[in-house]
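Top line first, the protein sequences correspond to chains W and G. Letter 119 of the first sequence, counting from 1, is numbered 119 in my numbering, and no numbers are missing. Letter 92 of the second sequence, counting from 1, is numbered 92 in my numbering, and no numbers are missing.
Honestly, the hints are just simulated from the structure, not real lab data. Just so you know, these numbers come straight off a predicted model, no measurement behind them. Glycine included, C-beta positions come from ideal geometry on N, C-alpha and C. Treat the hints with care, as some may be off.
Residues of chain W clear of chain G, computed beta-carbon distances all greater than 10 angstroms [to be verified]:
{"no.": "1", "residue": "Leu38"}
{"no.": "2", "residue": "Glu42"}
{"no.": "3", "residue": "Lys43"}
{"no.": "4", "residue": "Arg47"}
{"no.": "5", "residue": "Ile99"}
{"no.": "6", "residue": "Asp104"}
{"no.": "7", "residue": "Leu109"}
{"no.": "8", "residue": "Phe116"}
{"no.": "9", "residue": "Asn136"}
{"no.": "10", "residue": "Ser149"}
{"no.": "11", "residue": "Met160"}
{"no.": "12", "residue": "Ile179"}
{"no.": "13", "residue": "Met185"}
{"no.": "14", "residue": "Glu197"}
{"no.": "15", "residue": "Gln207"}
{"no.": "16", "residue": "Gly216"}
Just the calculated beta-carbon pair ranges, DEER-fashion [what the hints assert, rightly or not]:
{"no.": "17", "chain 1": "W", "residue 1": "Thr220", "chain 2": "G", "residue 2": "Gly143", "range": "47 to 57 angstroms"}
{"no.": "18", "chain 1": "G", "residue 1": "Glu42", "chain 2": "W", "residue 2": "Ile179", "range": "49 to 59 angstroms"}
{"no.": "19", "chain 1": "W", "residue 1": "Phe20", "chain 2": "G", "residue 2": "Ser149", "range": "19 to 29 angstroms"}
{"no.": "20", "chain 1": "G", "residue 1": "Glu170", "chain 2": "W", "residue 2": "Phe145", "range": "32 to 42 angstroms"}
{"no.": "21", "chain 1": "W", "residue 1": "Val73", "chain 2": "G", "residue 2": "Asn201", "range": "49 to 59 angstroms"}
{"no.": "22", "chain 1": "W", "residue 1": "Lys204", "chain 2": "G", "residue 2": "Lys144", "range": "29 to 39 angstroms"}
{"no.": "23", "chain 1": "G", "residue 1": "Gly45", "chain 2": "W", "residue 2": "Lys113", "range": "55 to 65 angstroms"}
{"no.": "24", "chain 1": "G", "residue 1": "Ser149", "chain 2": "W", "residue 2": "Ala80", "range": "33 to 43 angstroms"}
{"no.": "25", "chain 1": "G", "residue 1": "Asn201", "chain 2": "W", "residue 2": "Phe145", "range": "38 to 48 angstroms"}
{"no.": "26", "chain 1": "G", "residue 1": "Gln207", "chain 2": "W", "residue 2": "Ile124", "range": "15 to 25 angstroms"}
{"no.": "27", "chain 1": "W", "residue 1": "Ile124", "chain 2": "G", "residue 2": "Asn133", "range": "51 to 61 angstroms"}
Number of protein chains: 2
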Amino acid sequence: MVDILIVEDNEEICSLLADFLRAENYTVSIAKSGEKALSLYEKYGARLVLLDINLPDVDGFSVCEKLRKTDNVPIMIITARTNRDDKLNGILLGADDYIEKPFDIEILLAKIKGIFKRRLAHEIISDGDITLNISNETVEKNGKFISFSAKEFELLKILMQNKGQTLTKEFLFNRVWGIDSESEMQTLTVHIKYLREKIENDPKDPQKIVTVWGKGYRWT
Amino acid sequence: MVDILIVEDNEEICSLLADFLRAENYTVSIAKSGEKALSLYEKYGARLVLLDINLPDVDGFSVCEKLRKTDNVPIMIITARTNRDDKLNGILLGADDYIEKPFDIEILLAKIKGIFKRRLAHEIISDGDITLNISNETVEKNGKFISFSAKEFELLKILMQNKGQTLTKEFLFNRVWGIDSESEMQTLTVHIKYLREKIENDPKDPQKIVTVWGKGYRWT
DNA sequence: TCATTATATCAAAAAATTATTAAGAAGTCC
DNA sequence: GGACTTCTTAATAATTTTTTGATATAATGA
Numbered sequence: 001m002v003d004i005l006i007v008e009d010n011e012e013i014c015s016l017l018a019d020f021l022r023a024e025n026y027t028v029s030i031a032k033s034g035e036k037a038l039s040l041y042e043k044y045g046a047r048l049v050l051l052d053i054n055l056p057d058v059d060g061f062s063v064c065e066k067l068r069k070t071d072n073v074p075i076m077i078i079t080a081r082t083n084r085d086d087k088l089n090g091i092l093l094g095a096d097d098y099i100e101k102p103f104d105i106e107i108l109l110a111k112i113k114g115i116f117k118r119r120l121a122h123e124i125i126s127d128g129d130i131t132l133n134i135s136n137e138t139v140e141k142n143g144k145f146i147s148f149s150a151k152e153f154e155l156l157k158i159l160m161q162n163k164g165q166t167l168t169k170e171f172l173f174n175r176v177w178g179i180d181s182e183s184e185m186q187t188l189t190v191h192i193k194y195l196r197e198k199i200e201n202d203p204k205d206p207q208k209i210v211t212v213w214g215k216g217y218r219w220t
Numbered sequence: 001m002v003d004i005l006i007v008e009d010n011e012e013i014c015s016l017l018a019d020f021l022r023a024e025n026y027t028v029s030i031a032k033s034g035e036k037a038l039s040l041y042e043k044y045g046a047r048l049v050l051l052d053i054n055l056p057d058v059d060g061f062s063v064c065e066k067l068r069k070t071d072n073v074p075i076m077i078i079t080a081r082t083n084r085d086d087k088l089n090g091i092l093l094g095a096d097d098y099i100e101k102p103f104d105i106e107i108l109l110a111k112i113k114g115i116f117k118r119r120l121a122h123e124i125i126s127d128g129d130i131t132l133n134i135s136n137e138t139v140e141k142n143g144k145f146i147s148f149s150a151k152e153f154e155l156l157k158i159l160m161q162n163k164g165q166t167l168t169k170e171f172l173f174n175r176v177w178g179i180d181s182e183s184e185m186q187t188l189t190v191h192i193k194y195l196r197e198k199i200e201n202d203p204k205d206p207q208k209i210v211t212v213w214g215k216g217y218r219w220t
């Protein structure tokens, strides 16, 4: 697993970034196209993705979506200031951070450090008797490990990461199952039940994953 | 056994490196081609290989793979910055460290020291009733030696080195079988079974090498 | 209250993933 | 070359996860 995956087709910017990041002792891997980005990520992973949204082949948007779907890895987006459209806005809102070209390398470094710091603090989320370890993909209740399936874990993770917030069913569904999933919304409620079965003291009277009628669910 | 095997075809760089390293009291042997590198390594061994990836005959890639496959000796790669392609990325990611030409000799020395230090600390991994000795390639369970094949050992090593972390099947496969191996993923699961047979108290109910469904495996 | 709508539950089918087995290929060592 | 171990493959079995559909239960508002 490398620290930073750089996705950027411009040769100059690319080596500039790589040099600076290496000087800061980050390990980096480099992709010059969207496709390569995905294959590199699949093979070696990354703790942070630095993504130029204007790529030659697969556009940055779909790279972004795919990455977010699979691993929820932090993504920092590099973008030109021009033609800021609706689609771009959407992506940026979901990104952990973004920076506009032309950018000051020092500011970029500061942002990256910030993301790592924040994430590190959030790699283990503990709340009440539930502890969720994102990097190890483990969940403990009262110190005892409980096994979770991939979907269950993802769902619980998103809920806990947004403590106190009501998340709509659509939002949860899109995050866990993906935007163009063919599954029914029904599947979500069933998974909510599975979660409650595993983590609630009394699954019949859920205190942790609360139903918000007509909206969705909330972790409290 | 020498301390450092230098693999570099450029005469000047070669003697420069040798001088500096000898000045730091390392013993060195020198190979000016890939073929010679392999034969020298076979004859005298080395604690660390300093490998220029751009060689005249056998390219550095295959030297690297061969070394890694046989002994897993630490390899430090010297590379020019240009044409950083997928293959190179792959090699670099697996390398213990790498440095780009032109390099500062002081930085190189620091890196080499770092590698020796790290390796020394990790030569024996002990966890529960399993003890793994990396330099001897031996494994003990409750003090009794168990024989392991090369692939089995490598797999166990990576798992134990990353205790508690879930390692994806792809990651494990790339590490043990190599990036462009033609083997099937199936091979991995079979080897996992072999490992379990040897180290688990009840192979039917594995406690050490745990399956993480949809992801991979984890040493606990 | 009653009709309506939203969520919960259940169990079984479907899909996906991993485990097991055994046999043959490939490599190693005398 | 023969005996041996290791590695790979392919087929099948076993297991787990995911989805679905039917039905039950609960909340909401006229």
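Enumerate the violated hints, using their earlier numbering and listing them in ascending order. 2, 3, 9, 10, 19, 20, 21, 22, 23, 24, 25 and 27
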